[in-house]
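K.L.:
Start from the sequences and build out the full structure, keeping to the hints where you can.
Just so you know, the protein sequences line up as chains A and D, in that order.
Just so we're aligned, residue 330 is where the first sequence starts under our numbering, counting upward by one.
Just so we're aligned, residue 72 is where the second sequence starts under our numbering, counting upward by one.
Derived from the structure by calculation, the hints contain no laboratory data.
Fair warning: there could be bad hints in the mix.
Calculated lysine to any residue pairs in the SDA-like style (CA-CA distance at most 20 angstroms, straight line) [said to hold, decoys possible]:
#, chain 1, residue 1, chain 2, residue 2
1, D, 156, D, 414
2, A, 641, D, 336
3, D, 329, D, 342
4, D, 374, A, 750
5, A, 484, A, 520
6, D, 329, A, 422
7, A, 387, A, 356
8, D, 76, A, 509
9, A, 641, A, 629
10, A, 492, A, 422
11, D, 182, A, 630
12, D, 329, A, 629
13, A, 387, A, 405
14, A, 451, A, 440
15, A, 641, D, 334
16, D, 156, D, 407
17, A, 451, A, 469
18, D, 182, A, 629
19, D, 148, D, 416
20, D, 329, A, 634
21, D, 182, D, 292
22, D, 329, A, 417
23, D, 76, A, 752
24, A, 666, A, 689
25, D, 374, A, 540
26, A, 641, D, 182
27, D, 76, A, 451
28, D, 329, A, 630
29, D, 76, A, 422
30, A, 365, A, 400
31, A, 387, A, 440
32, A, 417, A, 468
33, A, 666, A, 723
34, D, 76, A, 762
35, D, 329, D, 310
36, D, 81, D, 295
37, D, 81, D, 292
38, D, 182, A, 626
Computed from a predicted structure; not experimentally measured.
So you can see what is in the structure, the chains are spelled out below.
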Amino acid sequence: MKHEQSLELGKRLEDLQARFSGTEDLCVRVFRLRAKECALVYLETMTSPELVQAFAVKPASEASSSSLDDLFGPLHADRTADLARVDKALLEGSCAILEDGSDTVYLIQAVVAQARSIEEAKGEQVTRGPHDGFIEPISANIRLIRNRIRSPKLKVRYLTLGKLTQTKVAMLYLDEVAAPYIVDACERRLSGIELNSLYSTGEIEEIVDENPLSPFPQTLQTERPDRTVSYLMEGKVAILVDGYPSALILPITFFSFYQSPDDYNNRWVIGTFNRVVRMISFVLAISLPAIYIAIVSFHSEVLPMGILYSVKVAITYVPFPPIMEAITMQVILELLKEAAIRLHSSVAQTIGIVGGLVIGTAIVEAHLVSHTMIVIIGLTAISSFVTPLSEFGTSLRILGFSTIIAAAMFGFFGLSIMLMFIFIHLCKLEIMGVPYFSPFDPFRASSGPRDAFFRLPRFGFAEKWNMGHRRRGAQDDRL
Amino acid sequence: MTAYKDSISKFGLFIWMIKCQIGIALLSLPSVIQRSADGDSWISVLIAGCIIQLLLLVYWKLYTRFPHLILSEMTVKLFGRIAGKAVNVLSAILYVTIAGYASTLYIRLIKTWLLPLTPAPVILTLILATVVYLAMQSVRAIERFLVITSMLFIVIILFSLMAFTHEVDLSRIMPVGTAGAANIWTGSEKTFLSMLGFEVILYLFARVTSRKSNLLPTISAANLFVTLFYTYFVLLCLIGFSPKALELVREPVLFLFKGISLQLLDRLDLIFLSIWIFAMTTVFVGYLYMAGSSLSGGPKSYKRTVGIGGAVIFGIGYGLNSVERIELITVWIEKVYLGYIIGLPSFMLLVSLLFKKRLAEGTT
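P.N.:
If you want it as C-alpha cells, here you go:
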C-alpha cells in the first residue's frame with residue numbers, strides 16, 4: 330500500500346529537506362507556472378549550473394501557457410512518484426521539479442561531468458599497445474570497453490551495493506561466450522553482498538574469494554581496458570565499481586598473472602620468449618633463496634670447489650645462520666619497497682640511494698650479511714617484480730618465506746616437500762568450478778597450454794569464440 | 072554418472088598409472104636384479120612388463136564386466152555384503168601395510184643421502200603430511216598434480232643423458248642371454264615387485280569420463296612407458312658400472328649421477344634425488360587413495376579414512392623402521408601382497424565368468 334503523502338508543495342519540500350538532513354547544498358527554487366506553485370530542486374554540488382539553466386530553468390521560464398507535462402515530456406525528463414527514486418536521482422546529479430497538487434516529480438539529468446583525463450595505468454605499463462587506462466567514473470570505463478567490443482552481445486548489469494554509499498557496480502560479460510554457470514555464480518555472490526560501504530573492487534574481491542586462506546590471488550584487478558576486453562572475449566566476467574579505476578576479473582587462472590598484453594602486441598617469438606622468462610621468474614622467486622640456504626647449510630658438496638670456496642669465504646665472517654641473513658634481507662627489501670612506493674618520486678630517489686648503496690654495501694662490509702646472500706635476495710626480488718601484476722609478486726615473496734624456512738630446517742628434502750605443498754594447493758584451487766591451474770586440466774587442454782605457457786602464433790590456437798562454446802559443452806558434461 | 076570432480080580423463084588414467092608405478096624402487100632396482108640376472112637384467116625388466124601386461128588384461132576384462140564399479144564395489148556385488156566388506160577391509164590393510172613398508176625404504180634413502188641426522192619420525196611426518204593433503208583432494212585435483220609432476224620425468228630423462236659422459240661399455244651386457252632363463256626369471260620376479268602400483272587402475276577405471284572409448288590401449292601404453300623407463304635405467308646402470316661395482320652399491324641410479332660435475336654444480340645425484348622426491352611421494356597417494364576408496368562410502372568419510380590411513384601408515388612405517396631385521400617381515404608382506412593383486416582379481420573374474428547370468432543382472 331502506498332504511503333499517503335501530502336500534495337501540498339511546502340510540506341513536500343520540507344519533507345525532502347528533512348530526508349537530506351538539511352544539507353546546505355540542496356537548492357530549492359520556487360516559481361510559478363500557470364498559477365501553480367512549482368519548485369526546482371537540485372544538489373548544487375552534483376549538478377552543472379549550465380545544464381540546470383539550459384534544461385530546467387530556461388524551458389520553465391520561457392513557457393507561458395504550457396503545463397509541466399508539455400515542457401518536460403518523456404524525451405526530456407523522467408517522471409516518477411516514487412520518493413526513493415527521487416532521492417536517488419538527486420544524489421546522482423539530476424534536478425527535480427515538483428508541482429503543487431500533483432505527486433509526479435520530473436527528473437532532469439544535469440550531472441556535472443568531471444573526471445580526470447584518461448591516462449595510462451601506472452602499474453601496468455606496456456611498451457607497445459594502447460596507452461589508455463580506466464578512470465574513476467564507471468560510465469567512462471564502460472565506454473572504454475564498449476569502444477573495443479562493438480557488439481550487442483556485450484551485456485552490462487547494474488547493481489547498487491553498499492547501504493550507505495549506494496555505489497553503482499557493473500557486471501560485464503559477453504552473452505553466449507561467458508558460460509552461464511560462471512555468470513550465475515558471479516551474480517549470486519554479488520547480490521549476496523551486504524555492506525554499509527563500498528569503495529573499491531578490492532572489497533568485492535575479498536568477499537567473492539572462495540579460498541580466503543590461500544596465498545594466491547583468485548581474482549585479477551586490472552586498470553587496462555584492453556586487458557579487460559581480452560578476458561571478456563575469453564568468457565570471463567568483469568566487475569566495475571563506480572569511483573574505482575580498475576576492473577575485477579572473475580574467474581581467473583594462475584597463468585593469467587603471467588600474461589601481458591605486450592605478448593600479443595609483439596611477434597609470437599618475442600611473446601613466447603617473454604612468457605618463458607616469466608615462468609623462470611616464478612620458479613626463482615619462490616625457491617632461489619631456499620635453494621641457496623639448503624646448499625650452504627646442508628649440501629655444500631653440491632657446489633664445485635671454486636664456487637664453494639668463494640661462498641664459504643663470504644659467509645665465514647657472518648655471525649648469523651643463513652636463514653637469519655635471508656629473512657633479514659627480505660624484510661629490509663620489503664621496508665625499502667614500502668618506503669619508496671608511496672613517496673614523491675624525488676624523495677623516492679633518496680630512498681633508492683640509501684637502500685641500494687648505503688645498506689647494500691655497508692651491510693656486507695659490516696659482515697652482517699654475506700655478498701652471496703645479497704646477490705641471491707636481489708635476484709629473487711627482481712624475479713618477483715617480473716610478474717605483470719604486482720599483487721602476485723607480493724604473494725610470491727610471502728611464499729618465499731615458507732620455502733626458506735623449510736629449506737633451513739630440512740635442506741633439499743624440506744624444499745621439495747614445501748614445493749609439493751604449494752603445487753598441490755595450486756592444483757586443488759578451483760574458482761567457480763574453473764581450476765586455477767587450468768591448462769593442466771585435461772578437459773580444456775585443447776588449446777590451453779599453448780596459450781598459457783607459451784604464446785604460440787595465432788594460427789596455432791583455436792578461435793576464442795569457439796572456446797566459449799566448448800567450455801559450455803564441458804560444463805554440460807559435468808551435469 | 073560420476074560428478075566432474077570425481078572423474079578423470081583417459082590421459083589422467085595413463086598418468087595415474089605411471090606415477091603409481093615409478094617410485095622409490097627404481098633407484099635400487101638395477102643392483103637388485105643384477106645379483107641374479109647379471110648382464111641380462113634388462114631382459115628381466117621386459118619380461119616383468121609382459122607379465123604385468125597379462126595381468127592388465129585380467130583387470131581390463133574384469134572392468135568390462137563391471138564398467139561402473141570400482142574394485143571395492145565389485146567385491147560386494149560378487150561376494151555379497153558381508154564377505155565383500157571383509158575383503159575390502161583386508162585389502163585396505165594390505166595397501167596401508169605396503170605403503171608403510173615403502174615408507175621405511177623412503178626414510179632410509181633420505182637418511183643416507185640427504186639428512187643423516189634428522190630423526191626418522193620427523194621425515195615420516197613430513198612425507199605423510201604431504202601425501203594425506205594430496206590424497207584428500209578430489210581425483211581431478213590429484214590428477215592435475217600428477218600431470219604437472221610427470222613433467223619432471225622429462226627433466227629426469229635429460230639428466231640421465233648426462234650419465235653417458237661416464238665411460239659406458241656396451242660389452243658389459245654382451246653376449247645377450249648368458250645368465251640363463253632361470254636367473255632371468257628370478258630377476259623378473261624382483262622387478263615385478265618394484266613395478267607394483269598399477270593395481271590402482273582397478274579403482275580408477277570406473278571414474279574415466281570417456282566411457283565409450285576403449286581403455287585397454289591407454290593402460291597398455293602406460294605399461295609400455297613404465298617398462299621402457301625401467302629398462303632404460305637398468306640398461307644405463309648395466310653399461311655404466313662394472314658388475315662388481317653394481318653389486319656393491321645400494322642405489323646405483325643415484326651413483327650414476329654422483330660423479331658427474333658441471334661447471335656450476337657438483338653432485339648431481341642430490342639434485343636428481345630432490346626431483347625424485349616428487350615421484351616417490353606421489354606413489355603413496357595411490358595406496359592411500361585405494362585404501363580410502365576401499366573403506367569409505369561417500370566423500371566425507373573418504374577424507375576421514377584417508378586421514379586415518381595416513382596415521383596407520385605412520386605407525387607401520389615407524390614400527391618397521393625400528394625393527395632390526397626388517398627383511399624377515401617384508402618378504403612376507405611382499406608375498407602376501409603379490410598373491411593379493413594377482414589372486415583376487417583373477418578369482419573375481421573367474422567367479423563372474425562362471426555365474427554369468429547373475430552378473431549380467433548386476434551390471435545393468
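K.L.:
Does each hint hold? Answer for all of them.
P.N.:
These are the hints, each one checked on the structure:
{"no.": "1", "hint": "156(D) x 414(D)", "verdict": "holds, 17 angstroms"}
{"no.": "2", "hint": "641(A) x 336(D)", "verdict": "holds, 15 angstroms"}
{"no.": "3", "hint": "329(D) x 342(D)", "verdict": "holds, 10 angstroms"}
{"no.": "4", "hint": "374(D) x 750(A)", "verdict": "holds, 17 angstroms"}
{"no.": "5", "hint": "484(A) x 520(A)", "verdict": "holds, 17 angstroms"}
{"no.": "6", "hint": "329(D) x 422(A)", "verdict": "violated, 76 angstroms"}
{"no.": "7", "hint": "387(A) x 356(A)", "verdict": "holds, 17 angstroms"}
{"no.": "8", "hint": "76(D) x 509(A)", "verdict": "holds, 19 angstroms"}
{"no.": "9", "hint": "641(A) x 629(A)", "verdict": "holds, 9 angstroms"}
{"no.": "10", "hint": "492(A) x 422(A)", "verdict": "holds, 19 angstroms"}
{"no.": "11", "hint": "182(D) x 630(A)", "verdict": "holds, 16 angstroms"}
{"no.": "12", "hint": "329(D) x 629(A)", "verdict": "holds, 14 angstroms"}
{"no.": "13", "hint": "387(A) x 405(A)", "verdict": "holds, 13 angstroms"}
{"no.": "14", "hint": "451(A) x 440(A)", "verdict": "violated, 29 angstroms"}
{"no.": "15", "hint": "641(A) x 334(D)", "verdict": "holds, 18 angstroms"}
{"no.": "16", "hint": "156(D) x 407(D)", "verdict": "holds, 19 angstroms"}
{"no.": "17", "hint": "451(A) x 469(A)", "verdict": "holds, 18 angstroms"}
{"no.": "18", "hint": "182(D) x 629(A)", "verdict": "holds, 17 angstroms"}
{"no.": "19", "hint": "148(D) x 416(D)", "verdict": "holds, 13 angstroms"}
{"no.": "20", "hint": "329(D) x 634(A)", "verdict": "holds, 15 angstroms"}
{"no.": "21", "hint": "182(D) x 292(D)", "verdict": "violated, 35 angstroms"}
{"no.": "22", "hint": "329(D) x 417(A)", "verdict": "violated, 76 angstroms"}
{"no.": "23", "hint": "76(D) x 752(A)", "verdict": "holds, 18 angstroms"}
{"no.": "24", "hint": "666(A) x 689(A)", "verdict": "holds, 14 angstroms"}
{"no.": "25", "hint": "374(D) x 540(A)", "verdict": "holds, 19 angstroms"}
{"no.": "26", "hint": "641(A) x 182(D)", "verdict": "violated, 25 angstroms"}
{"no.": "27", "hint": "76(D) x 451(A)", "verdict": "violated, 40 angstroms"}
{"no.": "28", "hint": "329(D) x 630(A)", "verdict": "holds, 11 angstroms"}
{"no.": "29", "hint": "76(D) x 422(A)", "verdict": "violated, 50 angstroms"}
{"no.": "30", "hint": "365(A) x 400(A)", "verdict": "holds, 14 angstroms"}
{"no.": "31", "hint": "387(A) x 440(A)", "verdict": "holds, 17 angstroms"}
{"no.": "32", "hint": "417(A) x 468(A)", "verdict": "holds, 17 angstroms"}
{"no.": "33", "hint": "666(A) x 723(A)", "verdict": "holds, 11 angstroms"}
{"no.": "34", "hint": "76(D) x 762(A)", "verdict": "holds, 9 angstroms"}
{"no.": "35", "hint": "329(D) x 310(D)", "verdict": "holds, 16 angstroms"}
{"no.": "36", "hint": "81(D) x 295(D)", "verdict": "holds, 16 angstroms"}
{"no.": "37", "hint": "81(D) x 292(D)", "verdict": "holds, 11 angstroms"}
{"no.": "38", "hint": "182(D) x 626(A)", "verdict": "holds, 16 angstroms"}
In terms of the numbered hints stated before, the structure departs from hints 6, 14, 21, 22, 26, 27 and 29, listed from lowest to highest.
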